[in-house]
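Visitor: Residue strings, one per chain:
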Amino acid sequence: MAVHIKRSVKLEGKTELMNNSIHYMPCQIHTDGQASVSKYFKPSIKSQDGNDVLYSSFRGYPLMGKVISLPKGYKGIVAQETVKPMTEGAERNIHVMHTFTSFTYWNWDKPPSLNDALLSALDWIDISEVLHSESGDTSG
Amino acid sequence: MADIFSKEKILSAENLEPHFLKHDNSKNIVLLSDVPKLCFNEPCVLGVDEAGRGPVLGPMVYGICYCPLSKAENFKALGCVDSKSLTEEKRELIFEKLCAETEYIGWAIEAISPNFICNSMLKRQKHSLNQIAQDSTVGLITKAKDSGINISEVYVDTVGMPEKYQEKLSEIFPEFKVTVAKKADAIYPVVSAASICAKVSRDRALKVWTFQEGLEATPNDFGSGYPNDPVTKAFLTKNIDPIFGYPQLVRFSWSTAGKILREHCVAVEWSDEEDEQSGASKNMNITTFFKQVGSNKRQKIKHTFFTVRNLDVLDAL
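Going line by line, the protein sequences match chains A and B. The numbers in the UniProt record's numbering rise by one with no breaks, and the one at position 33 of the first sequence is 33. The numbers in the UniProt record's numbering rise by one with no breaks, and the one at position 193 of the second sequence is 193.
Honestly, the hints are just simulated from the structure, not real lab data. Among the hints, a few may not be true.
Not everything, but these chain A residues come out facing chain B in the computed CB check (under 10 angstroms) [said to hold, decoys possible]:
(1) Phe100
(2) Lys110
(3) Ser113
Over the 12 angstroms line for every Cβ pair with chain B, so calculated as not near, a few chain A residues [to be verified]:
(4) Glu16
(5) Gln34
(6) Lys46
Pair ranges (Cβ atoms, derived) [stated by the list, open to error]:
(7) B:Gly258 <-> A:Val78: 26 to 34 angstroms
(8) B:Gly258 <-> A:Ser21: 26 to 34 angstroms
(9) A:Lys84 <-> B:Met161: 38 to 46 angstroms
(10) A:Val83 <-> B:Thr304: 37 to 45 angstroms
Just so it is clear, CB atoms sit at the ideal spot from N, CA and C, and this is done for glycine as well.
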């Protein structure tokens, strides 16, 4: 089975990153589709002087968040599969609709930290780079 | 919590509106009158009451009102009776009279935002409405005390059991004679006065409510907020978003709101932290330790570095 990742025509000529619109939510929302983020969620995001923790609320639950930058050289993609495969093993086409280099990570009522799996998973990128780099420092 | 000592003095219900308008209504706000000079010296009586505890929308407002003991009789003359027996116009008229007696009457209110209420009740460590009510009561009395008012007696409308609550408040404020009673606003005119300050503030806060979600609606559209009000019910059903639910005017943690939410919105699951942590080991079946995997090759076990980070090799979508 081959998966082709293609740039969407919608992305052509688009240099704007989606940095301010990607939110990682601490809950599972059982739907897939559009959401009125600008109307309901963005206005509820507040910050306090002197710290980089953001505060918001979703369905009455208190959220604490942080803007997370992806490691240098990496880019996040928002992908969409417009035509679902009819049979197992069929070729699939995934279209990249948007790109981003940072996103907002939200926790339910606790500040984001390296105890959060997703944030500490980003460590792997640095570690794998060291592990896979060609020239080794032989002194150790 | 933002404290506002109003530069433009609040002398009527209408004067409250610009303060609510300027303020971010997802947060709490405290408004205080000037302290009359007389109250620094003479022993004072202070009443506490609330408005908007039951409604599914809008702020819950706590109010205090105080004056020298020697003048306490005047509350009756100013018309302070059980606020529920008064019309909105009557309440606002009495509020204006209370504000006018700057020589000997002072007051303060705290409007606790609906967002603060549901965020507190839906914290990881739940904070009940009674706890919020108690925090606000203690906060307002402390503010009055710290501003130099010579408080002697405190009268409070009860939250839950009056005996227990009185004991608790007496412990926090051993220097005051604290009386907690059911329906205190109908018994003690100073509590009626506090209740009027609270109720007038809640009504005005709702009148000028600015929806950060861009909705255009007035109290005529959302009603009293009491769950049995058909206008409120219609508002809750009409102004619902399948993902986000309600605007922040609504207390999500109320059963009425929750019921309509479950019926009209997509399901949302909040992962429980404890489940998450014990999940990995719980799901492991003891027989897996004895299973022969593949040929004689030892099964590759993922290092905890990867398991704690939810990292996995992905070879299919």
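Visitor: For which of the previously enumerated hints does the structure constitute a violation, in increasing order of number?
Guide: Hints 1, 3, 5, 6, 9 are the ones this structure does not satisfy, whereas the remaining hints hold.
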